[in-house]
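Number of protein chains: 2
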Amino acid sequence: MTGDLGLDRAFHAKSIAIVGVSRAEGHSAPGYTGLMFLRLLQEAKFQGRLYPINPKADVIRGLKAYPSLTALSEVPDYVIVTVPAALVPQVLQDCISAGAVDVHICTAGFGETGEEEGKRLESVIRDIALRGGLRVVGPNALGYHVPSDRMQMYSQVVLAQGPVAFLSQSGGHCQTYVRQGPSQGIGFSKAISYGNALLMDSTDFLEYLATDPETQIVGMYIEDVKNGRRFKQLVTQVNPEKPIIIWKGGLTPSGARAAATHTGSLAGDRQVWEAFFKQTGVIKVDSIDEMADVTMTLLRLKPSPGGRVAVWGGGGGNSVAAGDVCAQEGLQVPPLSNKTITALREFMTIVNQSVVNPLDGGSVFEDLLTLKRALDIVAADPAIDIILLHLGVGYAKWFSAEHVAGFKKCVSGFARDNPTGKPAVVAVRDEGKAGEAEEFVRELREAAITTYSSLERACRALSRFAQYHRFRAEMGASAQGAGRPEPTYRE
Amino acid sequence: MTGDLGLDRAFHAKSIAIVGVSRAEGHSAPGYTGLMFLRLLQEAKFQGRLYPINPKADVIRGLKAYPSLTALSEVPDYVIVTVPAALVPQVLQDCISAGAVDVHICTAGFGETGEEEGKRLESVIRDIALRGGLRVVGPNALGYHVPSDRMQMYSQVVLAQGPVAFLSQSGGHCQTYVRQGPSQGIGFSKAISYGNALLMDSTDFLEYLATDPETQIVGMYIEDVKNGRRFKQLVTQVNPEKPIIIWKGGLTPSGARAAATHTGSLAGDRQVWEAFFKQTGVIKVDSIDEMADVTMTLLRLKPSPGGRVAVWGGGGGNSVAAGDVCAQEGLQVPPLSNKTITALREFMTIVNQSVVNPLDGGSVFEDLLTLKRALDIVAADPAIDIILLHLGVGYAKWFSAEHVAGFKKCVSGFARDNPTGKPAVVAVRDEGKAGEAEEFVRELREAAITTYSSLERACRALSRFAQYHRFRAEMGASAQGAGRPEPTYRE
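One line per chain: the protein sequences are A and B, in this order. In terms of the working numbering, the first sequence opens at residue 167 and continues consecutively. In terms of the working numbering, the second sequence opens at residue 167 and continues consecutively.
Don't take each hint at face value.
Copies of one chain are not kept apart here, so a pair can be met inside one copy or by any two copies together.
Said to hold, decoys possible - No more than 20 Å apart at the CA atoms, straight line, and that leaves these computed lysine to any residue pairs for SDA-like: (1) Lys-450 to Glu-622; (2) Lys-563 to Met-202; (3) Lys-505 to Glu-281; (4) Lys-563 to Arg-205; (5) Lys-450 to Ala-493; (6) Lys-285 to Val-517; (7) Lys-563 to Arg-611; (8) Lys-468 to Gly-351; (9) Lys-563 to Gln-322; (10) Lys-450 to Val-241; (11) Lys-505 to Glu-609; (12) Lys-563 to Leu-206; (13) Lys-563 to Ser-321; (14) Lys-505 to Ser-349; (15) Lys-285 to Thr-515; (16) Lys-538 to Asn-584; (17) Lys-575 to Gly-351; (18) Lys-230 to Pro-255; (19) Lys-398 to Leu-365.
Quick caveat, the hints were computed from the structure, so don't treat them as lab data.
Work the whole structure out from these sequences, hints included.
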């Protein structure tokens, strides 16, 4: 497919029909059932009309049920299909008869099974959809999740709206990201789970997102791409203006074997993909955690190609580890200038501390005026682009609540207002006690401090962030806009 | 130093003198003070005699205080020195006068500062210690932590005794490990923080541990080694019988810069260290987490050089990720045999599931008889060495408490009794909610299931475990004993 897909209608549906809604949940474990989608949409207070389709029911969850799509009094903007695979061809015929165009096939059991029957059925539904002009997302997918329209497809989700789109061949990864994104300040324009990609593939959705004013950053989980050349062209064009972050699943033989049975994908050649990332400048990640960390960084930090950090922690062993981790993750930790060292030595002892970089200076965290002074001195060093504070979870316990509140105010204020414009971020160091680190991370984020849940995660995100902006600068793209939520891309 | 160091006296001290105990804590932040050591030993109910030394006090924390070491009525087995650096030479003279031999210099501010005065002082105390025949641990260190003797040097610690020794140039890393080890079933024979290694270095302590019947596994955090040749010889000799796990700090330029100011170490050449690990078969790790995971694996799993895993999870995207993660971390995920696949297909649908490896089969976890049957079938496959169950934290919530209890019983029973002797372990998949994963990990460990807090951590530990046993098998070492807590090594 190319050109305007007309997907706005589905993304902002005013009416949704769900085909295959049973009257009661049948399983002890959660499955993706029509009843579940109905419940989720009701719980999210979806503002449009909902039509459960079940030939044997009159009312389901308080709503009138219909025997088939053709019995509806309006053409639904979006149809969710959850009937068994063998019945899907008939439902697609009904869609065509009823005039519906946007169809989400949730049902699995097609080509991805590797069995003849599944492959045959997939071919049948492809033919029906093409002939009928249906815009199918799926099969074996969870479709469109659109917070702005309260189209909720996942449970235990905060409906956070924002400038991030996620395209995923895995419904599970989609669920993970929309569940955990909001805790990192990530809101979604659309999260799209497209499974086997019967008709519409990542390229098609990316084409839509490229001109979608609600989307400024695009994350993707892909197992394969049907038209590699067109995909690469489009990505090359979009990435400088709207950063693209890709987790490519199935880059190893065992991962590829799983991908074949997951979405029927041929997950492809590692070398081809490595060349792809190098040539396009697309940000490569290996998990949802990494995707969320890079996205948070793009959303919060001013664009900058510099990856030279000053790491400031406490404890000698921790400082050595910090130096090693930063370097291993691709960040530079340059020595500080003599001027900086001399200025720090005026108020920092070097017994049990250190003013080389990594800095080992617990005493600085004990006094807020000293902290502010130290931040100013280090930020003024021309060798440094980013200040990375490495804090043990114990910090919040050693000091009084007033001190900790003052610390948060000092760091968030410095990050927002310091005249050099250099970012100051925090990485939390776990100290082995259940839940403590997550709690401390949450508190710091609530205080508007860009916070990572480990040094490794901070370094990975910051180095990818810097690498993206270096690539972009080298490509000569406009230095404005990218990574910030202003709509700038137009074809 | 070589030969019998006579360290038993210090490790099992009946009397400890602490030099430099103030009457009240002076700082808001925790520092390593004499008063802190006194408090920790009292809180741990240390059974020997404690002598606070302070010329200006009569009683501290309910104990009679003495003006100097020479005023004691007995020779203390262990002396902890916490006075400022400039006063340490005099205290060492007092140790000699009083006849004390084992001295822990906690004080920092020596060679590691890089300053002339610190270097000079370090040279002075070295001369005094050598002339007086003192066995000094430190300076800039936290000394000996011995759970069996309730010699506790760290706060918030469970005093878990066990077959693991830890040697560390960083007191902070020592603290981290002794704090978090017990949650993974790791108990310690000795944890030794030796800082600047004035006289006794890792090699000396390792020589002691080699013949220590209480120690079966040795972990080390090192920044440099003073006699590389002797160290390598000793490690080569010990490692086949008592596995040695080393975290080498300062392998990158920025890590090495921190190491120089931390313990005055020349952290050395990455290539030299890579050759060292390859030639000795010592297990290389990059953090305390990795060290704890490998140690837990050595303690719990039967020695086996096989690293071929069957990964069993739920969700297509998760399976692809599992296949990729295992392969990236050095584990093989081989295809299952046709016999295995046919047997699984008898009761597993392949709609939304998969019987390739990685296995994607949530339905198996829903019924305990099916689970047991599936475990038996997969364990019988000759291509598989280890069964790795990959469970989302949600598992404990989807099912009833009875079902989850049955699951734990099934997996722990299978791991203990299955006729193939192949291990079954669990890796927990975080689903983004604070504290949940840690709680689920804890519950599974309490049910005697070998549990890792992520798939990455499981794979890293299992691949190092298999690699160690392969190296050992290739070296022709006895196949019995290593990695299990029976005392087998004698010089």
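Right, here's what the structure says about each hint:
In this assembly of identical chains, Lys-450 and Glu-622 lie within 20 Å of each other by CA distance both inside one copy and across copies; the values are 16 Å within and 18 Å between. Taking the shortest alpha-carbon separations for Lys-563 and Met-202, only the inter-copy value of 17 Å comes in at or below 20 Å, while the best intra-copy value is 43 Å. For a Cα distance limit of 20 Å, the shortest separation of Lys-505 from Glu-281 across copies, 18 Å, qualifies, whereas the shortest one inside one copy, 70 Å, does not. Within a single copy, Lys-563 and Arg-205 get their C-alpha atoms only as close as 43 Å, which misses the 20 Å cut-off; across copies the closest is 19 Å, which meets it.
Taking the shortest alpha-carbon separations for Lys-450 and Ala-493, both the intra-copy value of 18 Å and the inter-copy value of 18 Å come in at or below 20 Å. Proximity of Lys-285 and Val-517 under a CA criterion of 20 Å is satisfied inter-copy only: 12 Å between copies versus 70 Å inside one chain copy. For the homomeric pair Lys-563 and Arg-611, the shortest alpha-carbon distance inside one copy (17 Å) is at most 20 Å, but the shortest distance between copies (28 Å) is not. For the identical chains of this complex, Lys-468 and Gly-351 are intra-copy neighbours only, at 16 Å inside a copy versus 45 Å across copies, given an alpha-carbon limit of 20 Å.
With identical chains, the CA atoms of Lys-563 and Gln-322 are at most 20 Å apart between copies only, with a shortest distance of 13 Å across copies and 31 Å within one. Taking the shortest alpha-carbon separations for Lys-450 and Val-241, neither the intra-copy value of 41 Å nor the inter-copy value of 63 Å comes in at or below 20 Å. Taking the shortest alpha-carbon separations for Lys-505 and Glu-609, neither the intra-copy value of 35 Å nor the inter-copy value of 53 Å comes in at or below 20 Å. Proximity of Lys-563 and Leu-206 under a CA criterion of 20 Å is satisfied inter-copy only: 18 Å between copies versus 40 Å inside one chain copy.
Proximity of Lys-563 to Ser-321 under the C-alpha cut-off of 20 Å is restricted to the inter-copy arrangement: shortest distance 13 Å between copies versus 35 Å within a copy. Proximity of Lys-505 to Ser-349 under the C-alpha cut-off of 20 Å is found in neither arrangement, the shortest distances being 40 Å within a copy and 46 Å between copies. Within a single copy, Lys-285 and Thr-515 get their C-alpha atoms only as close as 71 Å, which misses the 20 Å cut-off; across copies the closest is 16 Å, which meets it. Taking the shortest Cα distances, Lys-538 and Asn-584 sit within 20 Å of each other inside one copy (10 Å), while across copies they are farther apart (61 Å).
Within a single copy, Lys-575 and Gly-351 get their C-alpha atoms as close as 18 Å, which meets the 20 Å cut-off; across copies the closest is 40 Å, which misses it. Taking CA atoms no more than 20 Å apart as the test, Lys-230 paired with Pro-255 passes in neither setting, with 25 Å inside one copy and 90 Å between copies. Taking CA atoms no more than 20 Å apart as the test, Lys-398 paired with Leu-365 passes inside one copy only; the shortest distance there is 18 Å, against 61 Å between copies.
This entry does not satisfy hints 10, 11, 14, 18, going by the numbered hints stated previously.
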